[in-house]
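Asks: In case you want the letters, here they are:
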Amino acid sequence: MSELLEVRNLSKQFSSHRGLFHARRTMYAVNDVSFALPAGRVVGVVGESGCGKSTLARLILRLIEPSDGTVSFDGLALLKQRAGDMRRLRARMQMVFQDPYSAIDPRYTIARAVMEPFQIQGKRFTTAEATATVEELLAMVGLSEQMADSYPHQLSGGQKQRVGIARALALKPALLVLDEPTASLDVSVQAQIIGLLEQLRDELNLTYLFISHDLALVKYFCDEVLVMYMGRIVEAMPSTDVNPRHPYSKTLLDSTFEPDPKQRRNIEALSDEVPSPFDLGSGCAFAARCPSVSARCRNETPILSTPGRSHAVACHHPN
Amino acid sequence: MMLRVDNLGVSIGSVRPLSGVSFNLGKGETVGIVGESGSGKSLTAMSVMGLLPLINGEITSGSINFDGTELTALSEAEYRLLRGGRIGLITQNPMTSLDPLKKIGPQIDVVARLHLGLGKRAARERTVELLGDLRISDPASIYHLYPHQMSGGMKQRIVIAMALAADPDLLIADEPTTALDVTVQAQIIRLLMDLVTDRNLSLLLITHDMSVVAQTCDKVVVMYAGTVVERGTVEAIFDSPHHPYTQALIGCIPRGLVGEMRLQGIDGTVPSVVHYPDGCRFHPRCSRAEDICATIVPELVETQNAAACHFANEET
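Residue numbers (our numbering), protein chains in the order written: chain A, 1 to 319; chain B, 1 to 316.
Honestly, I wouldn't trust all of these hints.
Label pairs and their computed distance ranges (CB to CB) [to be verified]:
| # | chain 1 | residue 1 | chain 2 | residue 2 | range |
| --- | --- | --- | --- | --- | --- |
| 1 | B | Asp278 | A | Leu76 | 55 to 61 Å |
| 2 | B | Thr233 | A | Phe14 | 46 to 52 Å |
| 3 | B | Asn56 | A | Arg92 | 51 to 57 Å |
| 4 | A | Asp99 | B | Pro277 | 25 to 31 Å |
| 5 | B | Glu314 | A | Gln121 | 51 to 57 Å |
Straight-line alpha carbon distances no greater than 20 Å define the calculated SDA-like cross-link-like pairs of lysine to any residue that follow [said to hold, decoys possible]:
| # | chain 1 | residue 1 | chain 2 | residue 2 |
| --- | --- | --- | --- | --- |
| 6 | A | Lys262 | B | Arg190 |
| 7 | A | Lys262 | B | Phe238 |
| 8 | A | Lys250 | B | Leu257 |
| 9 | A | Lys262 | B | Asp194 |
| 10 | A | Lys262 | B | Gly256 |
| 11 | A | Lys262 | B | Asn7 |
| 12 | A | Lys250 | B | Arg255 |
| 13 | A | Lys262 | B | Asp209 |
| 14 | A | Lys262 | B | Arg255 |
| 15 | A | Lys262 | B | Glu235 |
Don't read these hints as lab results, they were simulated from the structure.
C-beta atoms are modelled at their ideal positions from N, C-alpha and C, and glycine is treated no differently.
Isolated chain A, as found in the complex (with noise of 0.2 Å):
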């Protein structure tokens, strides 16, 4: 097997409290999430907001600390590593943030931007071998060298955003995580963005892990699907052409609109109402929601049948 990413069991949970006469209250950003990433592939993690799909990217690269489970990296135990070796080891893992706007400095330089990463890696770069190295990544996501001296208030969006990829790429990593890299774009811009990711993993042999509220695009995009919902994985697809089984990836494929009038959607009633993400009972956190729902489905938890490579999925009553 070439795993590259193993995510096993992994959860987190928040806790608030409100003050002296409140209980505290527990809640499940990741609940009890496993999946595998093999190299060369891309996974798209698909879910609408709150259901944890950013949580489980920081946990991913360990910029949160998990509350429990595991995550092997290469074959590397990410959770038992040091300060310092978890640094070298990012090197290897970027990421790519949802907002281009707030992900880079204000006041660097392009080319600061762009070399930020060597320096945290500690490493040193005469004069020269800087500007090469700038125009190099520039090029690569297909930004003028003329760039390199702007600031970032003086790129579009689009642009940015190359810049965010550009400083994920600088180090040569293996897995990029994309949190949501097109959701602040327009439609023109997320085509271009798309297509130099494209480009991108099919010369430099990338892994991604991609993450998104669009069902359309992660179609298009990845190769395997999960899909998340408070907190859980819900249905594991290892293709896009599968038809989805769970009751909530319905409800998300039937949401999304096709860009063709003839193919208009006769979209079914559904409660809006999210359920608190705070102390979630027993039961399956779609139930109240659930067309197909049973008395079961509100006492007990259903569990991902067989990950892996299959097609699995957490439902009482899958279709």
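Starting from the known structure of chain A, arrange chain B on it as the hints suggest.
Replies: What follows is chain B alone, placed relative to chain A:
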């Protein structure tokens, strides 16, 4: 015709963000205005609502005719009667369009009291009924909630209720679902479409999302850099777009499965309002551009769709 916008031009200070914007909206019709950020679609909505003075803008040419009334000639006092009365507005961000310090019920009441002259009690009964119509369960208790106690989707329903409170003929929805999750978006779209049918409303839907347009609209107006580049029925726009920009915009939508198609982005970026290119404003990014495009502004050519392109009549 419920709304007829003809050759609308707008200036803000020394810049002219809108020019030559024309389209019609019939009774009971849904017309979508699509375009990327900076295309002028929200500014078009603001012009119809008479809100340009808020941003120091003014209408420099053209007319906006609402059900026989010329809006560009109205005084502010006359506009106030229409706004929120016969024309309702739904804004993009429900988090900021409600007063956080007031219960939501009275915020809706005030619209009916102002525009329909209802008393306190009658307005309140009407609000509760309206909330029920919007498929909000237990409207009598919801009436007493504050905005922070509600989810995003619920807040957007309240904003829709406010827009409907005075029984308008025209509803302008500016990116009504952009801030919402996809499953909630679908519910709000369903609600809006039901309202259009049940109340025979005219809806001007402003969005950047071509898929939402395909799902909801009868007619489409495609805007680019402050001008209308193409308009037509939704079928014609999606089946046989004539303007290269419309074609490119449709080519940017991800569809199908991995490997089935290659997304075609549009090179370059939307021009800034201070540097609109001469001639066709799309020509620097257009794959079909020739010399004529850089100098002569193309007129909207009436074909099956109306496209503002020098080559609109040629087969692609």
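Asks: Now tell me, hint by hint, if it's right for this structure.
Replies: Okay, the hints, checked on the actual structure:
A C-beta distance of roughly 59 Å is found between Asp278 of chain B and Leu76 of chain A, which places it inside the suggested range of 55 to 61 Å. In this structure, Thr233 of chain B and Phe14 of chain A meet the distance hint of 46 to 52 Å, their C-beta atoms being roughly 50 Å apart. Hint check: Asn56 of chain B to Arg92 of chain A, Cβ distance near 52 Å, so the stated range 51 to 57 Å holds. Checked against the given bound of 25 to 31 Å, the beta carbons of Asp99 of chain A and Pro277 of chain B, roughly 30 Å apart, stay inside it.
The hinted window of 51 to 57 Å between Glu314 of chain B and Gln121 of chain A holds, with their beta carbons roughly 55 Å apart. In summary, the hint linking Lys262 of chain A to Arg190 of chain B is supported, as the alpha carbons are separated by about 17 Å, within the 20 Å threshold. With a C-alpha separation of about 9 Å, the suggested pairing of Lys262 of chain A with Phe238 of chain B holds against the 20 Å cut-off. Straight-line distance between C-alpha atoms of Lys250 of chain A and Leu257 of chain B comes to about 16 Å, which keeps the hinted pair within the 20 Å bound.
A C-alpha spacing of about 19 Å is found between Lys262 of chain A and Asp194 of chain B, which places the hinted pair at or below 20 Å, so the restraint holds. A hinted pair counts as satisfied when its Cα atoms are at most 20 Å apart, and Lys262 of chain A with Gly256 of chain B qualifies at roughly 16 Å. Between Lys262 of chain A and Asn7 of chain B the CA atoms are separated by roughly 31 Å; this puts the pair beyond 20 Å, and the hint is violated. Restraint check for Lys250 of chain A and Arg255 of chain B: satisfied, since their Cα atoms lie roughly 17 Å apart, inside the 20 Å limit.
Between Lys262 of chain A and Asp209 of chain B the alpha-carbon distance is near 17 Å, which keeps this suggested pair within the 20 Å criterion. Annotation: proposed proximity of Lys262 of chain A to Arg255 of chain B holds, straight-line Cα distance about 15 Å (limit 20 Å). Note on Lys262 of chain A and Glu235 of chain B: the hinted pairing holds, with a Cα-Cα distance of about 8 Å set against a maximum of 20 Å.
In summary, the one numbered hint that this structure violates is 11.
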